[in-house]
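> One letter stands for each residue in the lines below.
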Amino acid sequence: MTPAAIDDTTLLAVLAPFAAAVVAPVLTRWFKHNAAWPLALVPALIFLHFTGFIGPVSHGETFVASKAWAPSFGVNFSVYVDGLSTLFALLISGIGTFIILYSGGYLKDHAQQGRFFSFMFLFMGSMLGLVLGNNLISLFIFWELTSITSFLLIGFDNLRAASRRAALQALLVTGGGGLALLAAFILIISATGEIEMSALLGSPDIIKDTGLYLPIFLLVLGGAFTKSAQFPFHFWLPNAMEAPTPVSAYLHSATMVKAGVYLLMRMHPLLGDTVLWTTILPLFGGLTLLVGTLLAVRQTDLKLMLAYTTVASLGLLVMLTGTSHEKALEGAVLYLLAHSLFKGGLFMVAGTIDHEAGTRDVTRLGGLRSAMPITFAAACLAALSMAGLPPFIGFIAKEVLYYGTWNWPGAGLAVTLTAVAGNALMLVIAAAVALKPFMGPKVETPKHAHEGPVLLYAGPVVLSLTGLVLALMAHTTGELFVGPTLSSLTGEATHVELHLLPTSFNAPLILSLITIGLGIVLFTQLDRLRALMGAVLAAIGWGPDRGFDQFVAGIVGFSGRFTRLVQTGNMRTYMIVIFVFTAIAVLLPGYLTGGFPAMPDMPVYRFYEWGIFFIAALGLVAVLIAKTRLTAIVSLGIQGFAVALIFMMFGAPDLSFTQFMVETLSVVILALVMTRLNLMPNDHRPLPVALLTGAVACAAGLGMTLTLLAITQQPFDTRLSDFFAQYSRAIAHGRNIVNVIIVDFRGFDTLGEIAVVVLAGLCVLALIRVRTKPDKTAEASTVNARQAQVSEAR
Amino acid sequence: MRTIIFRTIAPFLTALMILFSVFVLLRGHNDPGGGFIGGLIAASALAIFGIACGVASVRRAIYFHPMGVSGFGLFLAALAGILSFFKSQAYMTSQWLIFELFDVEIALSTPMVFDIGVYLVVVGAIGSIALALEEREND
Amino acid sequence: METGVVILIGLFFTVAIYLMLSKYLVRMLLGIAILGNAVNLLIFTNGRLLREVPPLIPEHLYVPEVVTANPLPQALVLTAIVISFSFFAFLLVLAFRAYQELGTDGVNEMRLAEPEDDPTPPQGY
Numbered sequence: 001m002t003p004a005a006i007d008d009t010t011l012l013a014v015l016a017p018f019a020a021a022v023v024a025p026v027l028t029r030w031f032k033h034n035a036a037w038p039l040a041l042v043p044a045l046i047f048l049h050f051t052g053f054i055g056p057v058s059h060g061e062t063f064v065a066s067k068a069w070a071p072s073f074g075v076n077f078s079v080y081v082d083g084l085s086t087l088f089a090l091l092i093s094g095i096g097t098f099i100i101l102y103s104g105g106y107l108k109d110h111a112q113q114g115r116f117f118s119f120m121f122l123f124m125g126s127m128l129g130l131v132l133g134n135n136l137i138s139l140f141i142f143w144e145l146t147s148i149t150s151f152l153l154i155g156f157d158n159l160r161a162a163s164r165r166a167a168l169q170a171l172l173v174t175g176g177g178g179l180a181l182l183a184a185f186i187l188i189i190s191a192t193g194e195i196e197m198s199a200l201l202g203s204p205d206i207i208k209d210t211g212l213y214l215p216i217f218l219l220v221l222g223g224a225f226t227k228s229a230q231f232p233f234h235f236w237l238p239n240a241m242e243a244p245t246p247v248s249a250y251l252h253s254a255t256m257v258k259a260g261v262y263l264l265m266r267m268h269p270l271l272g273d274t275v276l277w278t279t280i281l282p283l284f285g286g287l288t289l290l291v292g293t294l295l296a297v298r299q300t301d302l303k304l305m306l307a308y309t310t311v312a313s314l315g316l317l318v319m320l321t322g323t324s325h326e327k328a329l330e331g332a333v334l335y336l337l338a339h340s341l342f343k344g345g346l347f348m349v350a351g352t353i354d355h356e357a358g359t360r361d362v363t364r365l366g367g368l369r370s371a372m373p374i375t376f377a378a379a380c381l382a383a384l385s386m387a388g389l390p391p392f393i394g395f396i397a398k399e400v401l402y403y404g405t406w407n408w409p410g411a412g413l414a415v416t417l418t419a420v421a422g423n424a425l426m427l428v429i430a431a432a433v434a435l436k437p438f439m440g441p442k443v444e445t446p447k448h449a450h451e452g453p454v455l456l457y458a459g460p461v462v463l464s465l466t467g468l469v470l471a472l473m474a475h476t477t478g479e480l481f482v483g484p485t486l487s488s489l490t491g492e493a494t495h496v497e498l499h500l501l502p503t504s505f506n507a508p509l510i511l512s513l514i515t516i517g518l519g520i521v522l523f524t525q526l527d528r529l530r531a532l533m534g535a536v537l538a539a540i541g542w543g544p545d546r547g548f549d550q551f552v553a554g555i556v557g558f559s560g561r562f563t564r565l566v567q568t569g570n571m572r573t574y575m576i577v578i579f580v581f582t583a584i585a586v587l588l589p590g591y592l593t594g595g596f597p598a599m600p601d602m603p604v605y606r607f608y609e610w611g612i613f614f615i616a617a618l619g620l621v622a623v624l625i626a627k628t629r630l631t632a633i634v635s636l637g638i639q640g641f642a643v644a645l646i647f648m649m650f651g652a653p654d655l656s657f658t659q660f661m662v663e664t665l666s667v668v669i670l671a672l673v674m675t676r677l678n679l680m681p682n683d684h685r686p687l688p689v690a691l692l693t694g695a696v697a698c699a700a701g702l703g704m705t706l707t708l709l710a711i712t713q714q715p716f717d718t719r720l721s722d723f724f725a726q727y728s729r730a731i732a733h734g735r736n737i738v739n740v741i742i743v744d745f746r747g748f749d750t751l752g753e754i755a756v757v758v759l760a761g762l763c764v765l766a767l768i769r770v771r772t773k774p775d776k777t778a779e780a781s782t783v784n785a786r787q788a789q790v791s792e793a794r
Numbered sequence: 001m002r003t004i005i006f007r008t009i010a011p012f013l014t015a016l017m018i019l020f021s022v023f024v025l026l027r028g029h030n031d032p033g034g035g036f037i038g039g040l041i042a043a044s045a046l047a048i049f050g051i052a053c054g055v056a057s058v059r060r061a062i063y064f065h066p067m068g069v070s071g072f073g074l075f076l077a078a079l080a081g082i083l084s085f086f087k088s089q090a091y092m093t094s095q096w097l098i099f100e101l102f103d104v105e106i107a108l109s110t111p112m113v114f115d116i117g118v119y120l121v122v123v124g125a126i127g128s129i130a131l132a133l134e135e136r137e138n139d
Numbered sequence: 001m002e003t004g005v006v007i008l009i010g011l012f013f014t015v016a017i018y019l020m021l022s023k024y025l026v027r028m029l030l031g032i033a034i035l036g037n038a039v040n041l042l043i044f045t046n047g048r049l050l051r052e053v054p055p056l057i058p059e060h061l062y063v064p065e066v067v068t069a070n071p072l073p074q075a076l077v078l079t080a081i082v083i084s085f086s087f088f089a090f091l092l093v094l095a096f097r098a099y100q101e102l103g104t105d106g107v108n109e110m111r112l113a114e115p116e117d118d119p120t121p122p123q124g125y
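Chains A, B and C supply the protein sequences, listed in that same order.
Okay, so the first sequence: first residue is 1 according to this note's numbering, each after it adds one.
Okay, so the second sequence: first residue is 1 according to this note's numbering, each after it adds one.
Okay, so the third sequence: first residue is 1 according to this note's numbering, each after it adds one.
These are calculated hints, taken from the structure and not from any lab test.
Some hints could be false.
Stated by the list, open to error - One-sided excerpt, in silico: chain B residues whose CB lies under 7 angstroms from chain A:
#1 Pro32
#2 Ala47
#3 Ser94
#4 Ala125
#5 Leu133
Note that beta-carbon positions come from the ideal geometry of N, C-alpha and C, so glycine has one too.
Work the whole structure out from these sequences, hints included.
Structure (structure tokens):
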């Protein structure tokens with residue numbers, strides 16, 4: 001079905017957060033943290049706008065809107081609205097609304113709160129542009145903008161080295177992946193001639209038919225795997241927890257890290273259903289799922305536990321996307337929806353605990369349920385969804401995805417076991433995050449814990465309740481959200497029938513029961529499991545995180561050594577390199593084309609002309625062998641005056657005049673300066689150096705001569721000179737053609753040149769006037785002198 | 001360098017050279033000469049005066065700072081191009097005003113103003129360099 | 001007409017480059033001054049040479065009576081001479097000041113910008 005064109009409101013919806021980013025600091029200055037209320041209206045309105053698409057999209061309609069951006073390159077700012085992008089846009093704006101509110105409470109009285117809001121809105125706009133992007137180039141630009149805003153937000157607390165490191169790491173990993181993605185897009189554009197996603201999706205086999213499938217596939221994976229923190233690129237995501245919690249909740253669990261999954265889902269009709277796709281994606285996805293959950297068990301920091309389960313969930317999503325099996329894909333879509341809701345909520349809960357109790361170390365927390373009842377309730381709701389228990393959306397998602405893995409074509413058992421193990425561990429973490437801080441005896445915390453303000457608990461409560469409501473309205477959820485999104489993945493209209501509770505006693509239900517049982521058993525053994533994982537990791541002793549440091553240190557070290565190799569600090573080496581290349585540049589073309597000119601007959605020069613040539617050569621040689629400064633200056637003057645005479649001989653009195661004056665002044669100022677330089681160095685060069693430099697100079701000089709001979713043997717194009725001669729008097733009323741060219745025909749040129757002369761004059765003046773600060777040097781020298789005295793005395 | 005003869009002649013020589021430089025500047029449009037050459041001649045005149053009688057007396061004699069003269073020249077040159085705007089022509093289109101005064105044809109033009117600007121730039125900048133270097137000799 | 005001048009230009013370039021490969025600033029400056037002349041002559045010669053007929057229009061005519069020397073390279077070279085002179089003066093003063101501050105005119109001893117024992121770049125965050 002061809003997409004229908006819509007008006008520009010959707011384009012404005014993408015740009016609205018950028019506008020909000022501009023006004024946010026001002027509002028924050030006026031209303032302090034309460035600026036969150038008006039600011040949250042922006043994502044709320046965007047959310048409302050996209051709810052308008054739910055109905056039409058669920059009937060299988062798609063929409064495009066476009067504005068020319070850089071038309072000569074075919075780059076447009078265009079959006080494509082279908083099930084997948086609608087779901088993402090709703091998540092981004094919906095969760096974004098509560099994140100903005102939460103930021104208001106979390107960063108209350110923070111000096112940089114305005115800046116923080118600004119960054120958050122920049123990210124929101126970029127993310128919307130990414131998921132709605134129709135034009136590949138603009139999609140890439142928004143993709144990179146999310147990386148950059150993520151960098152800014154992770155490094156928000158830029159006074160801490162850990163923040164800076166995490167920010168840089170995230171930027172390098174995701175930015176590097178972004179470059180791979182750009183390469184993939186350029187390949188796609190040049191191979192298919194299409195730049196709009198909607199056009200590509202219109203003919204799904206277009207990329208597979210080009211023969212460039214393999215490189216495009218690998219490059220797209222490079223982008224998606226780095227962004228969505230797939231093993232072995234997973235290490236940046238836990239480090240990104242250095243960011244303030246709203247960032248972790250929004251970027252690093254609910255939205256940005258899903259950009260890679262979004263890309264894979266978007267590309268599924270184009271790149272999916274091949275052996276490569278159904279092998280590599282489940283392999284890496286499954287590996288990431290296991291690694292993520294196992295590493296999560298190791299952690300005691302609430303945010304880190306959640307971060308590693310996010311890695312695991314992303315792995316699960318990638319694994320499920322790596323098939324053509326409809327149920328598995330349906331599970332992926334459901335899980336994506338569920339994960340954004342419960343993980344965003346849990347992160348905010350963790351932040352609230354940190355904010356109110358002063359720590360987020362799970363071993364130092366306990367018994368907070370009476371102090372923070374609302375937060376505790378929200379945590380429980382979200383954790384139940386994460387654990388995959390009814391009646392929550394997480395449960396439905398798990399049922400569907402187990403159905404998908406159980407019926408997986410080929411390696412069904414392996415995929416199912418991976419999913420079960422992962423989900424069981426996920427349940428463990430969910431229980432640990434939701435129960436440990438709240439249950440048990442009260443533990444003394446650094447801050448006296450009490451319930452946070454409404455700004456802090458609004459988000460977790462609404463998000464976790466949404467997870468409940470969506471499950472209770474399972475039928476509608478399937479019809480309005482999951483079905484349309486699944487259609488985008490499969491490329492054909494797909495109907496989805498969801499039920500809150502299993503309709504029959506089937507394999508997924510058994511698998512669910514096994515998962516829950518296994519999870520509960522593991523939860524009771526959590527401390528032992530944690531110690532075991534700690535021991536295993538200590539035994540391995542190396543991880544990609546350390547590898548990253550070694551990689552960066554290696555690059556810096558290499559560039560340092562390379563710089564020192566190339567830039568020795570020896571001026572003569574630099575100069576020799578320059579002139580060797582000059583010689584090559586003038587000699588090589590003649591050599592390659594065999595076009596060295598024949599030596600023409602020497603024209604008949606008059607006696608005095610020979611004399612002047614001879615004087616010039618004499619002056620040059622005299623400069624070369626001069627032993628004293630006076631000889632050098634005088635010889636320099638001789639060759640200069642000889643040049644003036646040459647100008648005179650060949651009909652250039654103006655030049656000759658100027659040259660005479662300039663040479664005179666040169667000799668004068670040279671003499672003025674040289675008399676104060678207390679040395680006229682005897683330019684002694686050791687024989688090998690003299691031979692080398694001589695050879696270089698001779699080669700370059702010879703090359704110049706040959707080139708000039710070749711040029712002068714060509715016929716001369718006199719059109720320009722004739723023009724000046726013809727119109728000099730007729731138009732410009734001047735009989736001295738040279739002067740007319742300087743002040744009239746090419747006057748603008750001359751204006752630039754006299755500006756250069758003024759500048760040179762100013763520079764000379766500045767150089768003569770500027771001294772090293774006398775007080776400083778004096779101080780330094782006295783200090784040095786005193787130190788010398790002291791050391792002597794000792 | 002400061003012989004009595006040189007010191008006596010230098011002021012006259014300088015005056016003559018500056019006069020000559022103005023002559024060269026003004027005849028430049030029709031005969032060999034022009035702002036660059038004239039400027040260089042005047043700058044040499046200043047340098048000679050400086051060597052003979054000291055930089056302080058030169059600075060007193062020209063009253064303005066040489067870089068100020070240079071900057072004014074650049075300003076004048078840029079300004080000369082603007083006149084054409086009043087006739088809705090492109091920047092630096094030359095404008096001519098030719099009239100007769102006592103039977104002599106006088107031609108005033110923007111290229112001439114531009115050339116005077118060039119002259120002042122060269123006198124100022126080169127003169128400033130020469131004077132600055134001469135001045136340092138005394139310390 | 002050009003051949004003799006062309007060979008002379010080659011000599012100018014050779015001498016200029018040889019001087020610029022010196023270790024001493026003063027020699028390099030002499031080389032730069034000569035290089036300026038070499039390039040000016042090069043541009044001038046590229047416009048072809050003609051004896052003794054300056055590009056002037058006689059008073060009673062509107063176009064030159066006979067074939068004159070090529071005015072265009074002359075105009076280019078005229079400004080180039082003045083600019084290369086001002087830059088020569090600038091470089092001269094620069095060398096002079098460097099000599100005053102560093103006490104040497106040998107470029108090998110001027111290691112302020114690129115010290116011998118340059119530490120490796122910082123590796124922290």
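> Which numbered conditions among the earlier hints are violated in the structure presented, ordered from lowest to highest?
Failing hints: none at all.
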